[in-house]
Structure formats: C-alpha cells, structure tokens
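Colleague: Sequence:
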Amino acid sequence: MHEIKEECGVFGICSTQMQDVAGTVYYGLFALQHRGQESCGIVVNDDGLFRSYRDNGLVNDVFTRPVLDTLGQGSMAIGHNRYSTTGSGDRSNAQPLVVNHHKGRMALAHNGNIVNAYELRKELEMNGSIFHSTSDTEVIAYVITKARIACGSIEEAILRAMDRIEGAYSLLVMSPQKMIAVRDPHGFRPLCYGRREDGSFIVASESCALDAVGASYVRDIEPGEVMVFQGGRVTSLQQHCKEKPHRICIFEYLYFARPDSIIEGKEVHTARRKAGALLAMQYPVDADVVIGVPDSGLDAAIGYAEQSGIPYGMGFIKNKYIGRTFIAPGQKNREDKVRIKLNVIRHTVKDKRVVLVDDSVVRGTTITRIVELVRSAGAREVHVMSSAPMFTDACYYGVDVDSKENLIACQCGGDLVKIAATVGADSIGYLDRDALHMLLGNKPKEGYCAACFGCGYPTAVPTGDKSRFETRISEEDAQKADEDYERYLRD
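The sequence shown: position 307 = 307 (the numbering used here), numbered continuously.
No wet-lab data here; the hints were simulated from the structure.
Accuracy of the hints is not assured; some may be wrong.
Unchecked claim - FRET-style restraints, in silico, Cβ to Cβ:
(1) 196 x 347: 41 to 51 Å
(2) 242 x 132: 34 to 44 Å
(3) 235 x 372: 53 to 63 Å
(4) 149 x 267: 35 to 45 Å
(5) 216 x 351: 48 to 58 Å
(6) 69 x 177: 22 to 32 Å
As the list claims (entries may be wrong) - Simulated pairs of lysine-lysine, BS3-like, Cα-Cα distance not exceeding 27 Å:
(7) 266 x 242
(8) 443 x 350
(9) 146 x 178
(10) 404 x 418
(11) 178 x 103
(12) 266 x 244
(13) 443 x 242
(14) 244 x 103
(15) 146 x 103
(16) 443 x 418
(17) 350 x 318
(18) 266 x 443
(19) 146 x 122
(20) 244 x 146
(21) 122 x 103
(22) 242 x 178
(23) 242 x 146
For every residue, glycine included, the Cβ atom is placed at its ideal position computed from N, Cα and C.
Make a model of the complete structure from these sequences and hints.
Modeller: What follows is the structure in structure tokens.
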C-alpha cells in the first residue's frame, strides 16, 4: 500500500489558434491526478497575457466551471499537479509559478527534485533575490530568469540554467511566444509529447494524459533535451543530451505511473506483471488465492498468479473517493484513511492461505493494517509480497523517502522473518533488486536509477537538512518559548 509521497504531474498545450486550452489542460491534469493530489494550477497564455489560478486540492475541486471560465481562451497553457517533496504543502508552493521580469513573463511547472537547491538559493538570496515560497521550483525559476536577462532567448537561458541545476527535473516553461519542454540530462522523470488532429502539440508527464485529450503519442523527450514549441513547429535542442548516464527512475514503473502509460517504449502494466511473475519465482508459496492491493498492486498480483498457477481473486473493494493514503500528512491520518479506503471481500479470503501482493513496503505501517484487515476477514495465512525491492536509502530525486530510520527494512536489519513478524504476516518477500533490469526488457542496470534500493546515487546528494527550506521548531523548543513568554508576562 502507498506510504510515500508521490511525484508531480506536468501538462501543456501549444496551439496555432485560440481555443479552450484551459479545458484541455484540465482534462490532462485529471488524467495525471495520481501523480499529485495536494495542489494544482493552470496558466493560460492569451497572446502574451497570462491568466492563472492555483490552489490546494484535487483538480475537479479547484477548477470548477466558473474558475475555468475566468481563465478564458488562449493559444497556450501549462498545468501542474503537486505533492510536496521539497517545500511545504502551503498554497504558496502550488504551481505553475509565474515570474515577471523586464524582458517579459515566464510560467514554470516542475516535476522532480534538484539536489543543489540549497546552495543555489543561498547564492541567489545573497545577491538580492527574494523568495515567496519554499519549493525548489522557485530556485529553478530564478536561475532561468537570471540567465534570461543576460541572453537573447528563453531557450538559450534554459540551456545556460541547465549548466547550474543538478538533480531531477522535467519542466514545462511558457513565455509569451513559446512553450518549452525540458528533461534533465539523467532523465530521472518521464516526459513525452504528442499531437492532435488540429495541429496542437501536447506535452505531458505520462502518455495516458495524451490519450485523455485525443492526442497521438509522438515520442518521449530525451534526457537533456530542450524542445521548443512555437507556431505549429517544434525545434529540438540537444546540447545537453548524452552528457550524463541515463537514469530513469525505476519506481515510475513499479508505482508512480498509471498502468496504461508507456514510458520510454515500455508499457507500465507489462513491467508490473513481470515483477509479479519474478516474485512468484523468487518466493514460491503454498497458497489458495492471490490478491492485490488496489490499485498499483493489482498488475503484479496478476503476474504472480499467472506464474505460480495459484488462482487470482478480487480481495478488496476500494472507496475511490479517498485519495492515496500518503496524501494525508501525519501517520495518524494515514492509518485513519486505510480504515475507510479498503474493505475486504470475505468470500475471497475466508479460511484460505492468501498471497497479498502490494507495490511496495516502505515504513510498514499501512501494510500492517491491511494484513489485519485480511486476517479479520478469516484468512488462515497471509503472505505479503512486495513488487519493489527493500527501501534502504533516502531518495533525493522527488520521492519522499528521506530518513533511513523510518524504513522498516532498516529497522529490522533486512531480516525477512523480523519484517514479517513486524507487519503481522506469515512470510514476506521483496523483489530482488538485481532483477529490476528484467522489468524493462533486460535494460542495462546503468539505464535506470534505483538509489532508494541501495544501488548507489547517480549525482552528489545534499548533506544534512540543506535540502529543506523550512525552519521546523521542535516540541521542546516550542514549550520553552511558551514558558519564556509566560515568565516575561509575570515579570
């Protein structure tokens, strides 16, 4: 079950004619809602006039019909779904960001996490920049803007900024005349583009969003590539292509992306079924039924059942009006949401030995609750299978895994017997990290990033808390401040 914060989703349209671009972006963001459920925003370009709206909440809650009507028509628009990995969930961190400078305007939407954000922000602040948010996206916006003032075009400014920005970033940048798609040289996060019959270009984090607006997939944006869309034409700038090893995040295939998406030529659904099949070979179990945890555990459960020959069963009814469990900050909220999100189909599991397949086991708290639900429905045995390897290390590229001490694999020293006992299962199995390349058609191991599974970081990483821009006060410090204030009042 989902215990980690997700990615973000970006979507944009560039047309040769005035149309309801806000409506198109709305449907694109709706298709990408799984990538971020904290906040969303849209910026419309009406012949150089930018109209924007952003707020906390789901797409269909934030963008009511009256709000979409205020955005009006335009020839370009970009949008964003967010879940915070750097910066708080405050509305000020919602995207896209809009920047005004003496050469014009720029809107920016970002998926990823840059690892040198702290150093860049400190440098910018020392030179007089004033920040209005706590996200690394504003750092990127300032770096691009600073370069734009010194050069002749927005795309040249982006190419210069890429020399300074390190880490994971898939960007959509909009100027008064152009929409620009950017992918970092490692290609950590996916980005693709397509075209509609009316000639409009569509850029999205995943291909499922192209389908949602009637666009035909053309291709993925290459790692390091800058693609400029303007006036019905597209130009590819490849100065930064192939300058660094390719490192697509393997967790996109295991969890982040929608099963109907195609990322770099590989169907996500196929990769997940393969993960389940590999689990069945690595951890054979005598059982009566295989069930999957909705939604991203279902594909792997099918693969496990097919490979093992154990019947697949529908184990849960999911309340589809409840967001993914990690969208609620705080552990108590996560546990409360599990109780109302899933209900076990008793007939499927009662008096049976159950293989319970999930996309990942991170902190262990959510899967513990799910195992309890299955046992309370009458299961004789529960064997947990994770279609992802053990999480053993922090991620600095956009996944909210920032502390080893909270990872159950680290807490239990990687001992499967201890982990199983901790979550209340009869046994537990994790996909072998050495088998990850098989999910992508035997792609070389250096072709993807699996740093969170202990496979090494492809970039330098932040140290200490330098990747965080908020100042957090401990409960002890807060209590001491209250006591000092009360003492001040008495004196």
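Colleague: All hints are to be evaluated individually against the structure, with a verdict given for each.
Modeller: We went through each hint and held it up to the structure:
1. 196 x 347: 41 to 51 Å: With Cβ atoms ~46 Å apart, the hint holds.
2. 242 x 132: 34 to 44 Å: 36 Å Cβ-Cβ, so the 34 to 44 Å window holds.
3. 235 x 372: 53 to 63 Å: holds (56 Å)
4. 149 x 267: 35 to 45 Å: holds (44 Å)
5. 216 x 351: 48 to 58 Å: holds (50 Å)
6. 69 x 177: 22 to 32 Å: Distance hint for residue 69, residue 177 holds at roughly 25 Å.
7. 266 x 242: holds (20 Å)
8. 443 x 350: Status violated; Cα separation ~41 Å.
9. 146 x 178: holds (18 Å)
10. 404 x 418: holds (17 Å)
11. 178 x 103: Holds, at roughly 14 Å.
12. 266 x 244: holds (22 Å)
13. 443 x 242: holds (17 Å)
14. 244 x 103: violated (32 Å)
15. 146 x 103: Measuring from Cα to Cα gives roughly 11 Å; hence the hint holds.
16. 443 x 418: The hint is violated at about 33 Å.
17. 350 x 318: holds (18 Å)
18. 266 x 443: holds (11 Å)
19. 146 x 122: Given that 27 Å is the threshold and the Cα spacing comes to 15 Å, the pair holds.
20. 244 x 146: holds (25 Å)
21. 122 x 103: Holds: residue 122 and residue 103 sit about 24 Å apart, inside 27 Å.
22. 242 x 178: holds (25 Å)
23. 242 x 146: holds (26 Å)
Hints 8, 14, 16 from the earlier list are contradicted by this structure; the remaining hints agree with it.
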